[in-house]
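Asks: Chains as they are written, first to last, in numbering that gives the first Met the number 0: chain Z, 0 to 199; chain U, 0 to 155.
To be clear, the hints were calculated from the coordinates, so they are not data collected in a lab. The C-beta atom is built at its ideal place from N, Cα and C for all residues, glycine as well. Where hints are given, some of them may not hold.
Computed footprint of chain U on chain Z; a stretch qualifies when at least three of its residues, placed anywhere within it, have a C-beta under 8 angstroms from a C-beta of chain U [as the list claims (entries may be wrong)]:
1. 14 to 22
2. 54 to 66
3. 108 to 114
4. 136 to 144
5. 161 to 171
Heads up, incomplete: computed chain Z residues facing chain U, CB under 7 angstroms, no partners named [said to hold, decoys possible]:
6. 33
7. 91
8. 124
9. 125
Spelled out from the first residue to the last, the chains are:
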Amino acid sequence: MRDDPSVIALVARAANSDQDAWNEITERYAPLIWSICTRYRLKNQDIEDVGQNVWLQLVQQLGKLREPAALPGWLATITQRECLRALTAARRAEDAGTLDDALPVVDAEIIEQEILAAERNAALRAALLELPLRCRQLLAMLLSDPPCSYAEISATLEIPIGSIGPQRARCLERLRRSSALTRLGAGEMRVNLPGGEGHG
Amino acid sequence: MGDDWDDERLLSALREAQRARQLVPQWFIEGGQSAYAWHNIDAQLAQLTYDSSHDQDLESIMRSARTRSEPASIRALTFTSARLSIELEVTADSLIGQIVPPRHGTLEQESGDGEIATVSIDEIGCFCIQPVPDGSFRLRCRSEDGIDVVTNWFTL
Chain Z
0 MRDDPSVIAL
10 VARAANSDQD
20 AWNEITERYA
30 PLIWSICTRY
40 RLKNQDIEDV
50 GQNVWLQLVQ
60 QLGKLREPAA
70 LPGWLATITQ
80 RECLRALTAA
90 RRAEDAGTLD
100 DALPVVDAEI
110 IEQEILAAER
120 NAALRAALLE
130 LPLRCRQLLA
140 MLLSDPPCSY
150 AEISATLEIP
160 IGSIGPQRAR
170 CLERLRRSSA
180 LTRLGAGEMR
190 VNLPGGEGHG
Chain U
0 MGDDWDDERL
10 LSALREAQRA
20 RQLVPQWFIE
30 GGQSAYAWHN
40 IDAQLAQLTY
50 DSSHDQDLES
60 IMRSARTRSE
70 PASIRALTFT
80 SARLSIELEV
90 TADSLIGQIV
100 PPRHGTLEQE
110 SGDGEIATVS
120 IDEIGCFCIQ
130 PVPDGSFRLR
140 CRSEDGIDVV
150 TNWFTL
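Sequences and hints are given; from them, build the entire structure.
Replies: Quick look at the structure:
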């Protein structure tokens, strides 16, 4: 994933004044910045400042990033720096008595997991968009919380209940073969599977 | 990928991907998108390089040196970019600043809700913002000779 050509292409397009590419970058990586801010337990106001500062630095670095493919790691580093800055400022505004407490340290391994999760999640969301409409509708119903029953799916999508299972299998197989998930690479998928250990 | 992922695992991974995205409020995404307005703008980013509040010893000295007759300087900050720095002092009722090296220009104070207040920077590079900004804001300094610098967002 660290040499994901789609990230390199997005960065290059955004550096070349393509707002759509920039929007896709923010859509992809906002969850990573957000998750790191919540790891540092920032308040929403501080998260807003951190987000602005991180994006502003990225805007200014677009044409200069030495390794565009390493963007998620770069964003994570900048975000952590801005989080610590925000915490220091917030702490100062509070009672001086708390100033001696050490700033929270978020383990590098946790941040690394957040990066991997963000990359995997972004690839999965991109993979969904590659599917035909019927597959997207079916998976959306299966993924809704709580999941729709086969009876509801059958009524809404006008397909017999008996063919939902086979269609589900075909759609998921297409998803596995999507370019977004193929790029993600088998190695990345074996580590940190969701559903095993608790997330967040 | 994922030939080793059965359907249930793949579905649970998709659910997790959606959940992670849904946790992020729309305003946060939109804030990221709007940052692109700064693309190709020549304003340089000035980073916070000094904050007296990070220097507790210095601050306690300043506190103890405070007298009733003169307004105490309660906090000092410096933002630095390649071409100039912005030095700030926070007093009880104002934010006093100086551009180094000194030059004439205008200073915009942008608050979190998008409001922009402009003050002038005099010939020795000094400006004064009253009252002290409440909440997060950033400063953009444009000198008459064309230097354009914007600070990070910060809160005093």
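Asks: Count the residues of the stretch 14 to 22 of chain Z with a beta-carbon closer than 8 angstroms to any beta-carbon of chain U: does the count reach three?
Replies: Our answer is that it holds, as 4 residues pass the Cβ test (under 8 angstroms) against chain U, meeting three.
Asks: Take the stretch 161 to 171 of chain Z, compare each residue's beta carbon with every beta carbon of chain U, and decide whether three or more fall closer than 8 angstroms.
Replies: Holds, because 3 residues of the stretch 161 to 171 of chain Z bring their Cβ atoms closer than 8 angstroms to Cβ atoms of chain U.
Asks: Using C-beta distances, would you say chain U covers the stretch 108 to 114 of chain Z, given that this needs three or more residues below 8 angstroms?
Replies: violated (count 0)
Asks: Grab the minimum C-beta distance from residue 33 (chain Z) to chain U and call the hint holds if it beats 7 angstroms, violated otherwise.
Replies: With Cβ-Cβ at 5 angstroms, under 7 angstroms, it holds.
Asks: Closer than 7 angstroms between Cβ atoms is the bar; does residue 125 (chain Z) clear it against chain U? Give me holds or violated.
Replies: Violated, because the Cβ-Cβ distance from residue 125 (chain Z) to chain U comes to roughly 10 angstroms (cut-off 7 angstroms).
Asks: State whether the coverage of the stretch 136 to 144 of chain Z by chain U holds or is violated, taking the criterion as 3 or more residues with Cβ-Cβ distances under 8 angstroms.
Replies: With 4 residues in contact (Cβ-Cβ under 8 angstroms with chain U), the coverage given for the stretch 136 to 144 of chain Z holds.
Asks: Using 7 angstroms as the Cβ threshold, decide whether residue 124 (chain Z) counts as touching chain U.
Replies: holds, 5 angstroms
Asks: Under the criterion of a CB-CB separation shorter than 7 angstroms, is residue 91 (chain Z) in contact with chain U as hinted?
Replies: Nearest chain U Cβ about 4 angstroms off; hint holds.
Asks: Go check the stretch 54 to 66 of chain Z versus chain U for me, would you? Three or more residues, Cβ under 8 angstroms, otherwise it fails.
Replies: Since three or more residues must qualify, the claim that chain U covers the stretch 54 to 66 of chain Z holds, with 7 doing so at under 8 angstroms.
Of the numbered hints given earlier, the model fails hints 3 and 9; all others are met.
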